[in-house]
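A.B. asks: One-letter residues, chain by chain:
Number of protein chains: 2
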Amino acid sequence: MVLVAEPMPWLDSAAFTLLVPAGCVHEPADCGGLTSFTCEMALRGAGPRDSRRFIEDLDNLGVEWSDSVSTARTGFSGATVAGNLPTALEIFADVVQRPHLPEDQLEAARLVMFQELRAVEDEPAQKVMIEAQRHYYPDPWGRPSQGNEEAIEAIGIEPIRRHFGLHYRPNGAILGVAGRLDWPELKDTVERLLGGWDSRQAPGVVDGVAGKKVEHLEQETKQTHIAVAYDTVPYRDPDYFQAWGAVGVLGSGMSSRLFTEVRERRGLCYHVDASYHSLLDRAGVFCYAGTSAERAQETLDVMLAVLSDLGRGIEAAELDRLKARIKSGLIMQQESSTARSSMIASDWYHLGRVRTLDEVSRIVDGLTPESINAYLARRPPRDYTIVTLGPRPLEVNIGVR
Amino acid sequence: MVLVAEPMPWLDSAAFTLLVPAGCVHEPADCGGLTSFTCEMALRGAGPRDSRRFIEDLDNLGVEWSDSVSTARTGFSGATVAGNLPTALEIFADVVQRPHLPEDQLEAARLVMFQELRAVEDEPAQKVMIEAQRHYYPDPWGRPSQGNEEAIEAIGIEPIRRHFGLHYRPNGAILGVAGRLDWPELKDTVERLLGGWDSRQAPGVVDGVAGKKVEHLEQETKQTHIAVAYDTVPYRDPDYFQAWGAVGVLGSGMSSRLFTEVRERRGLCYHVDASYHSLLDRAGVFCYAGTSAERAQETLDVMLAVLSDLGRGIEAAELDRLKARIKSGLIMQQESSTARSSMIASDWYHLGRVRTLDEVSRIVDGLTPESINAYLARRPPRDYTIVTLGPRPLEVNIGVR
Numbered sequence: 001m002v003l004v005a006e007p008m009p010w011l012d013s014a015a016f017t018l019l020v021p022a023g024c025v026h027e028p029a030d031c032g033g034l035t036s037f038t039c040e041m042a043l044r045g046a047g048p049r050d051s052r053r054f055i056e057d058l059d060n061l062g063v064e065w066s067d068s069v070s071t072a073r074t075g076f077s078g079a080t081v082a083g084n085l086p087t088a089l090e091i092f093a094d095v096v097q098r099p100h101l102p103e104d105q106l107e108a109a110r111l112v113m114f115q116e117l118r119a120v121e122d123e124p125a126q127k128v129m130i131e132a133q134r135h136y137y138p139d140p141w142g143r144p145s146q147g148n149e150e151a152i153e154a155i156g157i158e159p160i161r162r163h164f165g166l167h168y169r170p171n172g173a174i175l176g177v178a179g180r181l182d183w184p185e186l187k188d189t190v191e192r193l194l195g196g197w198d199s200r201q202a203p204g205v206v207d208g209v210a211g212k213k214v215e216h217l218e219q220e221t222k223q224t225h226i227a228v229a230y231d232t233v234p235y236r237d238p239d240y241f242q243a244w245g246a247v248g249v250l251g252s253g254m255s256s257r258l259f260t261e262v263r264e265r266r267g268l269c270y271h272v273d274a275s276y277h278s279l280l281d282r283a284g285v286f287c288y289a290g291t292s293a294e295r296a297q298e299t300l301d302v303m304l305a306v307l308s309d310l311g312r313g314i315e316a317a318e319l320d321r322l323k324a325r326i327k328s329g330l331i332m333q334q335e336s337s338t339a340r341s342s343m344i345a346s347d348w349y350h351l352g353r354v355r356t357l358d359e360v361s362r363i364v365d366g367l368t369p370e371s372i373n374a375y376l377a378r379r380p381p382r383d384y385t386i387v388t389l390g391p392r393p394l395e396v397n398i399g400v401r
Numbered sequence: 402m403v404l405v406a407e408p409m410p411w412l413d414s415a416a417f418t419l420l421v422p423a424g425c426v427h428e429p430a431d432c433g434g435l436t437s438f439t440c441e442m443a444l445r446g447a448g449p450r451d452s453r454r455f456i457e458d459l460d461n462l463g464v465e466w467s468d469s470v471s472t473a474r475t476g477f478s479g480a481t482v483a484g485n486l487p488t489a490l491e492i493f494a495d496v497v498q499r500p501h502l503p504e505d506q507l508e509a510a511r512l513v514m515f516q517e518l519r520a521v522e523d524e525p526a527q528k529v530m531i532e533a534q535r536h537y538y539p540d541p542w543g544r545p546s547q548g549n550e551e552a553i554e555a556i557g558i559e560p561i562r563r564h565f566g567l568h569y570r571p572n573g574a575i576l577g578v579a580g581r582l583d584w585p586e587l588k589d590t591v592e593r594l595l596g597g598w599d600s601r602q603a604p605g606v607v608d609g610v611a612g613k614k615v616e617h618l619e620q621e622t623k624q625t626h627i628a629v630a631y632d633t634v635p636y637r638d639p640d641y642f643q644a645w646g647a648v649g650v651l652g653s654g655m656s657s658r659l660f661t662e663v664r665e666r667r668g669l670c671y672h673v674d675a676s677y678h679s680l681l682d683r684a685g686v687f688c689y690a691g692t693s694a695e696r697a698q699e700t701l702d703v704m705l706a707v708l709s710d711l712g713r714g715i716e717a718a719e720l721d722r723l724k725a726r727i728k729s730g731l732i733m734q735q736e737s738s739t740a741r742s743s744m745i746a747s748d749w750y751h752l753g754r755v756r757t758l759d760e761v762s763r764i765v766d767g768l769t770p771e772s773i774n775a776y777l778a779r780r781p782p783r784d785y786t787i788v789t790l791g792p793r794p795l796e797v798n799i800g801v802r
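Going down the list, the protein sequences come from chains L and Z.
Position one of the first sequence corresponds to residue 1 (my numbering), numbered consecutively onward.
Position one of the second sequence corresponds to residue 402 (my numbering), numbered consecutively onward.
One or more of the hints may lead you astray.
[Said to hold, decoys possible] Derived coverage of chain L by chain Z (criterion: at least 3 residues anywhere in the stretch with Cβ under 8 Å from a Cβ of chain Z; other residues may be distant):
hint	stretch
1	214-223
2	285-295
3	332-340
Hint data in this document are derived by calculation from the structure and do not stem from the laboratory.
Beta carbons: idealized from backbone N, C-alpha and C, even for Gly.
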């Protein structure tokens, strides 16, 4: 396990992000949802604490915490007053090393898993993005963490124990800590809590194929929900900041092209944006818009036209605005232990090192319209994966406004 | 207008929250959505800036901003590096005093309003809470900001100009600023920007009646969405912190009673919680759970049993956990200029003064199980407003587990 830390002595809080290499990509093909199920069970008692005491002790320490499951990792993160951090870490060190995985809570946990799955069915805006990831990335890299009903119905305690045994391991795990902290003391604490964690080999992942490039999911929703994804470079690529700048101009914030063209000028939707998503060695740009059925075709047409335009380059004024927003965001990130603990853990996962905010700031300063346009000339948006959800399918009219 | 400020010299950012007394309660009965429509139009150019330059200038200043419309107020808030605050305030001073309300953008704005309305239709978890507020509070105090299709279809530029003219006014407006700031300089800036804003009288609000106590909205959703509301004291009431403590034990966090009984023990749902909501002189507790149709009756039964139990009092250990969480939350609030600017503006609205975090901390220390139980004995949860959304209606079995 790697410990990365960033002291922020001007704060009174401290935050941690603990990533273990247990991701949905490791689920057997008929066990969709096993990683989330394992995580749900790992949180139902660990070490000296049963399920109830686990939750109560964290509350008594004032820890605001959450868990998350993605294709490559299971993450546990939390923040509290700095003095309570060591005990909070002790509790989560038990979760990743000594969870009870109590069989008598298996059915309650299974029901929670079912309900989560159904909650997504009632959120079409979220569902279309989950499906876009599933279609865009080659299996198993786009798997939804929620799994599917049949698999969750069938999973017993043994697959959960096996999944835990194989994938909750220190080789590949990362602990990021940021906030008010004393480095030698933190190092000792973490050594004591996690130093004896046994490494083990995990089976590799075999890449499958991606889903259909164009898919319509018929559902009697009030809006038609549109997702468009296309290829970009991963976070660790030298071109990453160029790609990031291009996505920012495309769809981040109210002066972005998508917001301007789709919402402000044409009133086609309430929500529209584009965001960057990266795995270790592949990445995608994911655009979303939700609109009424009768405006859906026009919305998709405009989105594709905006994407096609982006390939022709961005302007200096657009980049200046983006830089101002990013620089302001960096300063505010410096005020949040939670944001930094998550960022440094993620940096280590992708880069094997941490970028300081100063370094990011210098890189952003160095971006020019020319550098981004050179990138866009090499890798224009194209070859789209398009998933729509709503009452009627749409036509894909590339290059038509 | 009142300016309230809290210097946080350990930060590099500054944040503002500008509240104007334009709320949905002021909408003529056939103009549901007029306040949001007016806000959407006010953001399409003001003072020397047209719609485009307004957005671009805010981006160039690195301002992360948002607007919000509630029954009593329209709010504009933002955060940026401290040095850019005066210009950000200048831009929003134009929005509230000199918006163009450009007729040539009326149709685009109307379409955005329609799309927002439809987006809510596709989010049943949000919709059931909107309907719970509408049913719980006597009209017009529970009106949804999104309005309704017929009204939005019919609203022209004149009602918008009239609504702006009547309700965007300094008497009743509050500006909260927190972060790195210089008080004399801030006072001068605000005097210059907003000192000439003309007061005017606004018509009063006539209270109508509340909606049905039990309502089912039939919709073919995957989950049944359940909202239960009941009466509590408003924020300015001397009993507020007792009420807040009781709601915390009931439904805030993972060791709360609702989470424990509904989700953890029985696996009935993925999301369940209770939250406190206050207007100036009335308030409600709103509980939510989303569950499958076949478990919905049991979920509602358990929720009502938990509420009924709460009336019999809380335990010392529950309060200790809640206090620990609140104290930790207060320390983290001290690290966020955005949280503080919003809090001090809200304090002024409700109390006519600002509570410092030290004062809140002392009040929380003073809470005891006895003080909260005395409150609960006087005002136990009862007389519920229950709104459900899903394929089938439920029975209301008070006192049955």
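A.B. asks: Determine for every hint whether it applies to the structure shown.
C.D. replies: Evaluated hints:
no.: 1; hint: 214-223; result: holds (count 4)
no.: 2; hint: 285-295; result: holds (count 4)
no.: 3; hint: 332-340; result: holds (count 5)
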